[in-house]
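K.L.:
As they're listed, the protein sequences go chains A and B.
Under this note's numbering, the first residue of the first sequence is numbered 32, with each subsequent residue one higher.
Under this note's numbering, the first residue of the second sequence is numbered -17, with each subsequent residue one higher.
Simulated from the structure, these hints should not be mistaken for laboratory data.
As the structure is a computational prediction, the values presented were derived from the model and not from experiment.
Ideal Cβ positions, reconstructed from N, Cα and C, are used throughout, including at glycine.
Hints may be right or wrong, so weigh each one.
What the hints assert, rightly or not - Computed list of chain B residues with no C-beta within reach of chain A, every gap over 12 Å:
1. LYS5
2. GLU184
3. ASP192
4. ILE228
5. LEU310
Stated by the list, open to error - List time: in silico PhoX-like cross-link candidates among lysine-lysine, alpha-carbon distance up to 25 Å:
6. LYS424(B) to LYS98(A)
7. LYS511(B) to LYS58(A)
8. LYS256(A) to LYS217(A)
9. LYS442(A) to LYS240(B)
10. LYS150(A) to LYS58(A)
11. LYS354(A) to LYS442(A)
12. LYS438(A) to LYS61(B)
13. LYS443(A) to LYS383(A)
14. LYS114(A) to LYS57(A)
15. LYS56(B) to LYS354(A)
16. LYS57(A) to LYS377(B)
17. LYS442(A) to LYS393(A)
18. LYS270(A) to LYS317(A)
19. LYS442(A) to LYS424(B)
20. LYS84(A) to LYS217(A)
21. LYS382(A) to LYS56(B)
22. LYS424(B) to LYS84(A)
23. LYS116(A) to LYS277(A)
24. LYS194(B) to LYS30(B)
25. LYS56(B) to LYS442(A)
26. LYS456(B) to LYS53(A)
27. LYS354(A) to LYS438(A)
28. LYS456(B) to LYS433(A)
29. LYS443(A) to LYS456(B)
30. LYS61(B) to LYS158(A)
31. LYS456(B) to LYS438(A)
32. LYS438(A) to LYS312(B)
33. LYS424(B) to LYS57(A)
34. LYS382(A) to LYS438(A)
35. LYS84(A) to LYS511(B)
36. LYS382(A) to LYS158(A)
37. LYS354(A) to LYS61(B)
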Amino acid sequence: MSHVVIIGNGIAGITAARHIRKFSDKKITVISAETEYFFSRTALMYVYMGHMKFEHTQPYENWFWEKNRIELKQAYIDEVDFKNKILFSAEGEEITYDQLILATGSVTNFRAWKGQEFKGVQGLVSKPDLELLEENSANLKHAVIVGGGLIGVELAEMLHTRNIEVTMLVRETHFWGSVLPAEEGKLISNHIQQHGINLLFETELDEIIPDENKHVKAITTLDGKQIDCQLVGIATGIKPNISFLKNTELETEIGILVNRNLETNIPDVYAIGDCAQQRKAIGNRKSVEAVWYTGRMMGETVAQTICGNTTAYNPGNWFNSAKFFDIEYQTYGWVFPKKKEGISDFYWEDKKNQRALHFQYKTNSKEFLGINAFGIRLRHEVIDNWLTEKILIENVIQQLPKANFDKEFSKKIKLNISDLQGQKDLAGV
Amino acid sequence: MSRVQYNMALSGQPPQELTVTQKVFVFVGMLGLLVLLLATFNFQFPNKALWLSLSLGAISVGTIGFSWSLYANKSSGIKNDGVWFKSLTSRGLWAWVFGILITLFYVVLYFFPQYLGLNADAENTGLIALFDPLSKMLSGNPASQWFVYGTLYTLSILIFGIKFIWKYRHSRYEIIRTISVMFFQTAFAFIIPEFMARLNGESLQLPYYDLKNIWPLNYYNFEQYRIDGFLNSGTIGLALLIFGVISIFVITPILTYKYGKRWYCSWVCGCGGLAETAGDPFRHLSDKRQVAWKVERWVVHSVVVFVTLMTTAVIYSYLDYDATKYWLNKDVFLGFVALLLTLVFCWAMLFRREELQKDAQYGAIGYFVIILGLIGIHFFFGNQLFLFQAETLRKTYAFLIGSVFSGVIGVGFYPIFGSRVWCRFGCPMAAILGFQQRLFSKFRISTNGGQCISCGNCSTYCEMGIDVRAYAQKGQNIVRSSCVGCGICAEVCPRGVLKLENDSPDGRINPKDVLLGNDVDLMNYVNQK
Ligand SMILES: Cc1cc2nc3c(=O)[nH]c(=O)nc-3n(C[C@H](O)[C@H](O)[C@H](O)COP(=O)(O)OP(=O)(O)OC[C@H]3O[C@@H](n4cnc5c(N)ncnc54)[C@H](O)[C@@H]3O)c2cc1C
Ligand code: SF4
Ligand code: SF4
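Looking at chain A on its own, in the form it has when it is part of the complex (with noise of 0.2 Å):
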């Protein structure tokens, strides 16, 4: 019985494992360092908010795993043999495998910024982080958090419940302008301003400066101004968790560097969810794909692989979701930030219900290219099978409320085909 290790128990390692013993009966190991059992780390923000403890964001029980015959260990890699199959980890045990699958997630990007080794510097990826957070919550009046994007608007919303003052730094014109388009770039940041966070756009952090502790108490900016703070949250960016496997033969560039099979350069290795770099990024995505689902479609990939059926990773239409303090936000398909030759836009909002909704489309074929719903809850199947029959974007207006997937007795959407002719040549700012 051939003998699969799984570093990592996140949802891309996780999701291998159950997919490999529903598939074989291959001996399985799940190695992790920063919990026993598997948890979402999505939901971090709801443990300290109050919302859950912490066992809520476990989605199995614990007696799942060994009834399912998947092997728990908490502990830390830290050395791989690739040629004669053995991990060490930390603790001192040799671990051997037969199939190795590299699941090991990712770490704060800290972009060595001066000052970031002070106290009170901090990410958000981990259950660690979570828990310094609430030792560094202790006496906290002011925090700074540099970055605009998905963490750093779920620190915004954390602290935010402890009555916390809020200050974040976004390099951009607006809110999260690397992925979102201007428009409901400024929706998304009068919500966040309405809710007391205090937005500093295009500004970036210069120094971090601490007292005589050693902790910080403030920071400047790159042009020039003086915050005092007791936090600092890092929010510009994750990478992935690949420190212990540099100067390995294992070929790495930002992460594990994986063919379409999610193969590494060595046999019998492979890699998956947040720690893996696609060697030629797959369409418009990113060649790494630092999002929950993208983990999980890789574990049911690498799963059939490993168990005898080579499959190679070929994820369907792109979608995702977030929550900004109170506004729900769902993508599928593809939005440019930036205005793109060939592609118009149509965007409609409801400004007193603070709900949007932009389509981009091919100027000239009319095919529907993708959408953005701010607080709009679409339905994922309909949207998805639109984008693969690549209906017009006609269509697609007038069959929305097929589309639709708000609770019960919402308030309907009203869209027109007019509107659409007079926003013609809108496009992306």
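With the hints as your guide, set chain B with the ligands onto chain A.
P.N.:
This is chain B with the ligands only, laid out in the frame that chain A set:
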């Protein structure tokens, strides 16, 4: 994670303490309660009507004002901040104090009403006397402990209903549903029965009848005194009796088919009404473990068997008394019950195997226990002996299920076990509706493709202890007999994954291993396996 004791004065800590405004409103509400307490200890209030109004007014102002200061200046959206930090809502000291107080109240109410001032032969005293003016105004009779209870119960649903609406003001489903529950409680459970009592006289002897209370929830509906009452009340009485029967056999299945059991459990029912309003702060305390689900199925189905047997025995015991009044005779009645159960059983076994799955065992067991019981009744007990048996059964049921389970445990333990313990483990009505919901209904909670991030909010806030996430993360619709359709899972889901809806019954149950978003070929390959 262990939480250290926080100093309230510092910022950066979970908000646990009350603001000044909130304290003021708590104080006002407490004053209202104090009047009730003083009355209970026989403090003589000079003008009872005035003091009762003052007391109930203060309780309402306190609760509504408190909600206002909680939610009014927050933007609309989910308001679960600090739920697991606050003592009252996380099984802390306050939860126990509160739970014990309510439990004591229920014990006195059910078993020692004399301490509340009930006096059958003379004037009421104490708390009950305080409610006399209101009762006389409505029905013309002095108050009873049930009138006091009914008034406080209705008031709770109304004031906590307002709080609930404030909290979920972003959701029209929650608002409309709550208004419905408030209406049915006030009109059907409280005012109409009191007026019916007022109409009673020579030609009308209607029993107290909350029309929305359907057998087996009102397990006593077919007891002899009530049947006599209905039959002695001419056409109206007969109409009500017939309504009681068709509400079980016709109205209930039709509505459940169209809308799921939520039409009753979270739009109409009073027990559900209290759980959804006053019980809302405790909804997350339900047990989500799989063992709890196992226990639930055993207990709740046992209660159904118990209530069916009990009711059959009770009706059986009085049927042949007066041939002119009851045209139905004992044997025909028994045969009828047996036939009905057999039909339902065969239908479920033949046509609903797929939906039944594991639940089939429970159905089968329940069925056979009932049938054996019926045969036992028929062959082994003589009339006299059986009379006693039926009465014992009735009394046991009324004590164990009707009082201890639904009241003392069901409500008294809100702060410990969550708000729907009774609905989940004890209510036979919920079990029967659940059976219908699982086997033939258009209702389901649809899961949105591959959007679930397994965060766990839905499972945590499901008051029925359903592990919603377990379905959502498999891309599977939630078709569970216990789901009361409160809609809160869909509210708290941060990714818009869940939608309560009525749609065609085909393809309701749809487990997937590979979710939407991945390679289409892989999805087909794995999901077809
Ligand atoms: C706060 C936050 C919110 C997010 N919200 C969303 C969201 O809403 N939607 C979304 O799509 N995505 C979201 N993401 C991203 C998403 O959580 C990740 O993409 C996903 O969890 C990655 O899963 P993974 O299995 O690749 O890795 P991880 O979940 O990171 O798991 C990797 C595990 O491997 C362990 N490990 C690493 N190296 C070793 C070693 N050498 N030895 C032993 N163990 C090791 C780590 O300790 C870790 O437990 C969020 C991320 C964060 C941090
Ligand atoms: S599954 Fe959802 S709708 Fe059903 S009872 Fe639970 S929370 Fe309410
Ligand atoms: S709340 Fe929504 S995203 Fe979270 S586990 Fe439930 S269905 Fe999934």
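K.L.:
List in ascending order the numbers of the hints, as given earlier, that are violated by the structure.
P.N.:
6, 10, 16, 17, 20, 22, 24, 29, 32, 33, 35, 36
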